[in-house]
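So the sequence lines, in the order shown, correspond to chains A and B.
Each residue of the first sequence is one higher than the one before, starting from 1 at the first, in my numbering.
Each residue of the second sequence is one higher than the one before, starting from 1001 at the first, in my numbering.
One should not assume that every hint holds.
[As the list claims (entries may be wrong)] Label pairs and their computed distance ranges (CB to CB):
hint : chain 1 : residue 1 : chain 2 : residue 2 : range
1    : A       : 126       : B       : 1092      : 39 to 45 Å
2    : B       : 1093      : A       : 233       : 54 to 60 Å
3    : A       : 73        : B       : 1061      : 41 to 47 Å
4    : A       : 166       : B       : 1092      : 31 to 37 Å
[To be verified] Taking lysine-lysine and the DSSO-like style, the derived pairs with C-alpha atoms no more than 27 Å apart in a straight line are:
hint : chain 1 : residue 1 : chain 2 : residue 2
5    : A       : 195       : A       : 7
6    : A       : 93        : B       : 1258
7    : A       : 98        : B       : 1241
8    : A       : 98        : B       : 1296
9    : A       : 202       : A       : 29
10   : A       : 181       : A       : 198
11   : A       : 7         : A       : 223
12   : A       : 128       : A       : 7
13   : A       : 7         : A       : 214
14   : A       : 7         : A       : 29
15   : A       : 93        : B       : 1296
16   : A       : 223       : A       : 202
These are computed hints drawn from the structure, not numbers from a lab.
These numbers were taken from a predicted model, which means no experiment stands behind them.
Note that CB positions come from ideal geometry on N, CA and C, so glycine has one too.
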Amino acid sequence: MLNTLVKLTDLHAHYGLSHVLHGVNLEIKRGETVGLMGRNGMGKTTLIKCLLGLVSISSGEIQFREQNTKTLPTHTLARGGIAYVPEGRGIFKNLSVKENLILAARSGFEGRIEWTYDRVLDSFPRLKERLMHGGQQLSGGEQQMLSIGRALLTNPDLLILDEATEGLAPLIAQDIWGIIKVVQESGISALIVDKNFKAVSKISNRCVVMVKGKIVFDDVSPKLIEHPEALKNWLGV
Amino acid sequence: MDAFAIFIQAMNGIQYGLLLFLVASGLTLIFGIMGVINIAHGSFYMIGAYLAWSLMGWLENFWFGLFVGVAAAFLLGLVLEWMFIRFLYDRDHLQQVLVTYGLILIFSELRSVIWGDDVHSVAIPALLDGSIQLTENLAYPIYRLWLSGVCVVIAILMYFGIQHTRLGMMIRAGESDREMTKALGINIGLVYRFIFALGVSLAAFSGMISAPISSVFPGMGSQVLIVSFVVVVIGGLGSIKGAMVAALLVGLIDTFGKVMSLDIFGINIFPEMAGMSIFALMALILIFRPQGIFGKEY
Chain A
1 MLNTLVKLTD LHAHYGLSHV LHGVNLEIKR GETVGLMGRN GMGKTTLIKC
51 LLGLVSISSG EIQFREQNTK TLPTHTLARG GIAYVPEGRG IFKNLSVKEN
101 LILAARSGFE GRIEWTYDRV LDSFPRLKER LMHGGQQLSG GEQQMLSIGR
151 ALLTNPDLLI LDEATEGLAP LIAQDIWGII KVVQESGISA LIVDKNFKAV
201 SKISNRCVVM VKGKIVFDDV SPKLIEHPEA LKNWLGV
Chain B
1001 MDAFAIFIQA MNGIQYGLLL FLVASGLTLI FGIMGVINIA HGSFYMIGAY
1051 LAWSLMGWLE NFWFGLFVGV AAAFLLGLVL EWMFIRFLYD RDHLQQVLVT
1101 YGLILIFSEL RSVIWGDDVH SVAIPALLDG SIQLTENLAY PIYRLWLSGV
1151 CVVIAILMYF GIQHTRLGMM IRAGESDREM TKALGINIGL VYRFIFALGV
1201 SLAAFSGMIS APISSVFPGM GSQVLIVSFV VVVIGGLGSI KGAMVAALLV
1251 GLIDTFGKVM SLDIFGINIF PEMAGMSIFA LMALILIFRP QGIFGKEY
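All chains should be modelled from the sequences, with the hints used to inform the complete structure.
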């Protein structure tokens, strides 16, 4: 039952006066993990913000569960099953770890509860030791775990990770990839933006490369590695 | 002044400070959480006082009047947020000041049309009328004690509400990162509407309970607005704790300034120049802490 969860059609968006997205077409199926790659400033984060209704689109269409999302506010989209782990982690610094988590906790679309407070703490034992700490007292890796744990507590159908391993020590980054693997296995769709193209292509079913607001590559992950020259141009690797 | 007179003035100062806290806390909440400078806040205080005068005349019951007045102010707050304030969140402070200044003019004119420009007084409710005899010739009014007690209770409820409830968590989360709060599925617009209405209710409630101990007059809104801004600036923009400390400081200094007499080099400092004292305090604190006592550094 690989039906479509998200469908973007000819999406254009502006950030102030600059035209950032130039007609993006993208589909994410249920349970699918899509890696979104591209250099800085190519429009990845804008694309994500459009999906969440945080940036308004100029033309084109976004469908989530076959419903046009144009008029839906961000909180409605989030309640519909989109969870966001933003670049910079977005931890509420004036809330404790526990508060960050219970603020987000709720049942998902049609009342489904897969991720509970206890399950998240079991998956991230380091958070358990820091429950009463303030959000600003955590290390980078712990903040990332908190951000992912918080997103999972909303019991989403689509998890969006923007630069989830950025600035983390390799061992910690490995932990994060392990967690993403668990999320993936639980059947949640994921859209992953990350600089580490090898790790992304390994974990994703499909890879998408963006250059200057357009998608220049969209295929199963192994195909990407067959294009070393293109990789160099597109991603600088 | 003897010890008893000082004690009574201290009580008055604290009571005035606590009342200021109720007004200033709404102002600082609305600024701290939503980033909106609401100079119409004093108008709500004035509306509260006039409502107290009207309602207590019609209903002939202080407590029922209080309840109806606060409910009406809450509704007014909801409507105003929906009509005007929600368009101000992403705009700069100048536009916020312009819109809320417009509201001051509208409310001032409406007050003139509905209630006229006369000065009124509101009777102290029978239950709290009377005083506690302290010495043979000194007594302290029960109503003022009650008023201080009510303010303390509200301050504690506010603290508890912000620190320990789900709504409080949403408020703090929104203050920290508005986008992320929305992305977690929280309707921050609704939270803001509630906070604004709460601020309006607090200001109106302050006006209502202060009506029996001061007169009800047209300029009372701007008077309290200016002092409240002094409190908010001294305490630190957006800080409830700061508002409490600063309100007590301002209340005490203002009260003692008016009753002390002090000459320096033949110049009559108090009580003649007492009106300046709170502004001098503000200037002094801003020299050493530009962000206010509990303000965040920018």
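### Enumerated hints in conflict with the structure, sorted upward
2, 6, 12
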